[in-house]
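First residue of the sequence shown? That's 1 in UniProt numbering, and the numbers climb one at a time after it.
Hint data in this document are derived by calculation from the structure and do not stem from the laboratory. A few of these clues could be false.
Listed next, with one range per pair, are the computed distances between beta-carbon atoms [said to hold, decoys possible]: (1) Ala-126 with Gln-205: 51 to 61 Å; (2) Val-164 with Asp-26: 22 to 32 Å; (3) Asn-231 with Phe-200: 37 to 47 Å; (4) Glu-5 with Phe-211: 24 to 34 Å; (5) Glu-5 with Tyr-39: 35 to 45 Å; (6) Ser-16 with Lys-140: 22 to 32 Å; (7) Gln-205 with Lys-34: 43 to 53 Å; (8) Leu-9 with Glu-117: 23 to 33 Å; (9) Phe-171 with Lys-58: 31 to 41 Å; (10) Glu-165 with Gly-7: 15 to 25 Å; (11) Met-219 with Lys-58: 53 to 63 Å; (12) Lys-140 with Gly-50: 45 to 55 Å; (13) Ser-109 with Val-152: 47 to 57 Å.
Here are the simulated DSBU-like pairs of lysine-lysine, each with C-alpha atoms no more than 35 Å apart in a straight line [stated by the list, open to error]: (14) Lys-14 with Lys-202; (15) Lys-129 with Lys-177; (16) Lys-14 with Lys-195; (17) Lys-14 with Lys-135; (18) Lys-140 with Lys-176; (19) Lys-129 with Lys-195; (20) Lys-195 with Lys-82; (21) Lys-32 with Lys-58; (22) Lys-177 with Lys-34; (23) Lys-195 with Lys-34; (24) Lys-14 with Lys-177; (25) Lys-95 with Lys-32; (26) Lys-95 with Lys-58; (27) Lys-172 with Lys-132; (28) Lys-202 with Lys-95; (29) Lys-132 with Lys-97; (30) Lys-32 with Lys-177; (31) Lys-195 with Lys-135; (32) Lys-176 with Lys-37; (33) Lys-97 with Lys-34; (34) Lys-58 with Lys-82; (35) Lys-29 with Lys-14; (36) Lys-135 with Lys-95; (37) Lys-140 with Lys-95; (38) Lys-132 with Lys-82; (39) Lys-132 with Lys-177; (40) Lys-176 with Lys-29.
Computed from a predicted model, the values in this text were never measured in an experiment. Where a beta carbon is used, it is the ideal one built from N, C-alpha and C, also for glycine.
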Amino acid sequence: SYNIEMGPLGPWWKESPQPFNCSIEDPTKQTKFKGIKTYISYRVTPSHTGRPVYRRYKHFDWLYNRLLHKFTVISVPHLPEKQATGRFEEDFIEKRKRRLILWMNHMTSHPVLSQYEGFEHFLMCADDKQWKLGKRRAEKDEMVGGHFMLTVQIPNEHQDLQDVEERIDSFKSFAKKMDDSVMQLTHVASELVRKHHGGFRKEFQRLGNAFQSVSQAFMLDPPHSSDTFNNAISH
Numbered sequence: 001s002y003n004i005e006m007g008p009l010g011p012w013w014k015e016s017p018q019p020f021n022c023s024i025e026d027p028t029k030q031t032k033f034k035g036i037k038t039y040i041s042y043r044v045t046p047s048h049t050g051r052p053v054y055r056r057y058k059h060f061d062w063l064y065n066r067l068l069h070k071f072t073v074i075s076v077p078h079l080p081e082k083q084a085t086g087r088f089e090e091d092f093i094e095k096r097k098r099r100l101i102l103w104m105n106h107m108t109s110h111p112v113l114s115q116y117e118g119f120e121h122f123l124m125c126a127d128d129k130q131w132k133l134g135k136r137r138a139e140k141d142e143m144v145g146g147h148f149m150l151t152v153q154i155p156n157e158h159q160d161l162q163d164v165e166e167r168i169d170s171f172k173s174f175a176k177k178m179d180d181s182v183m184q185l186t187h188v189a190s191e192l193v194r195k196h197h198g199g200f201r202k203e204f205q206r207l208g209n210a211f212q213s214v215s216q217a218f219m220l221d222p223p224h225s226s227d228t229f230n231n232a233i234s235h
């Protein structure tokens, strides 16, 4: 079960009784089926066991989909996107590892997601046979979606109905405003990126050339010029 308790600002999830973190290291190219299948394996080490397990991206993807299926009332951040080409290039592997670390940090710090049995299975199971059994068990979990609420333990304190309704209405307004604002921000940012790849790029190049010209002018007067300043504006 998952517990909700009353805090100074209202109800919140009870903190995990055993907080932990998890490292993701050593991305290594592996093969199977006599070299036909190639993939990247990551060493995943939870701090509360200290025992590493090795996971592929597809294992992270399985866990992510289990979390979405079970915790429909909790925001689960996206995994780094899949990529069809260039999957084994060093820059891509390092970039994906950094994003997986950020994702994992969110999972381990969340009071509910960090206690999910499927997550525990992902972090601790090192045996292939046991992995398949635990995977099937997680996929057969019936306490998902709306049924998840049956596993939530609420505070015993009496709650004023009017106060609860006002809190819900306030949160609904906040959620709608936040959703609309984030969509607007995403649209504006995308437009700005597009413009910087187009006309703005040439304008900034012209601006850079102008600064470089000023730097060259200062260099014509060595006794009074500053190398540090010239290097800064001509960089």
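Right, here's what the structure says about each hint:
no. : hint                             : verdict
1   : Ala-126 with Gln-205: 51 to 61 Å : holds, 54 Å
2   : Val-164 with Asp-26: 22 to 32 Å  : violated, 49 Å
3   : Asn-231 with Phe-200: 37 to 47 Å : violated, 25 Å
4   : Glu-5 with Phe-211: 24 to 34 Å   : violated, 57 Å
5   : Glu-5 with Tyr-39: 35 to 45 Å    : holds, 42 Å
6   : Ser-16 with Lys-140: 22 to 32 Å  : holds, 25 Å
7   : Gln-205 with Lys-34: 43 to 53 Å  : holds, 52 Å
8   : Leu-9 with Glu-117: 23 to 33 Å   : holds, 29 Å
9   : Phe-171 with Lys-58: 31 to 41 Å  : holds, 36 Å
10  : Glu-165 with Gly-7: 15 to 25 Å   : holds, 20 Å
11  : Met-219 with Lys-58: 53 to 63 Å  : holds, 57 Å
12  : Lys-140 with Gly-50: 45 to 55 Å  : violated, 30 Å
13  : Ser-109 with Val-152: 47 to 57 Å : violated, 20 Å
14  : Lys-14 with Lys-202              : violated, 53 Å
15  : Lys-129 with Lys-177             : violated, 48 Å
16  : Lys-14 with Lys-195              : violated, 46 Å
17  : Lys-14 with Lys-135              : holds, 27 Å
18  : Lys-140 with Lys-176             : holds, 34 Å
19  : Lys-129 with Lys-195             : violated, 53 Å
20  : Lys-195 with Lys-82              : holds, 26 Å
21  : Lys-32 with Lys-58               : holds, 15 Å
22  : Lys-177 with Lys-34              : violated, 54 Å
23  : Lys-195 with Lys-34              : violated, 48 Å
24  : Lys-14 with Lys-177              : holds, 27 Å
25  : Lys-95 with Lys-32               : holds, 24 Å
26  : Lys-95 with Lys-58               : holds, 17 Å
27  : Lys-172 with Lys-132             : violated, 41 Å
28  : Lys-202 with Lys-95              : holds, 29 Å
29  : Lys-132 with Lys-97              : holds, 25 Å
30  : Lys-32 with Lys-177              : violated, 49 Å
31  : Lys-195 with Lys-135             : violated, 46 Å
32  : Lys-176 with Lys-37              : violated, 45 Å
33  : Lys-97 with Lys-34               : holds, 26 Å
34  : Lys-58 with Lys-82               : holds, 10 Å
35  : Lys-29 with Lys-14               : violated, 40 Å
36  : Lys-135 with Lys-95              : holds, 28 Å
37  : Lys-140 with Lys-95              : holds, 34 Å
38  : Lys-132 with Lys-82              : holds, 23 Å
39  : Lys-132 with Lys-177             : violated, 43 Å
40  : Lys-176 with Lys-29              : violated, 44 Å
Violated hints for the displayed structure, listed by number in ascending order: 2, 3, 4, 12, 13, 14, 15, 16, 19, 22, 23, 27, 30, 31, 32, 35, 39 and 40.
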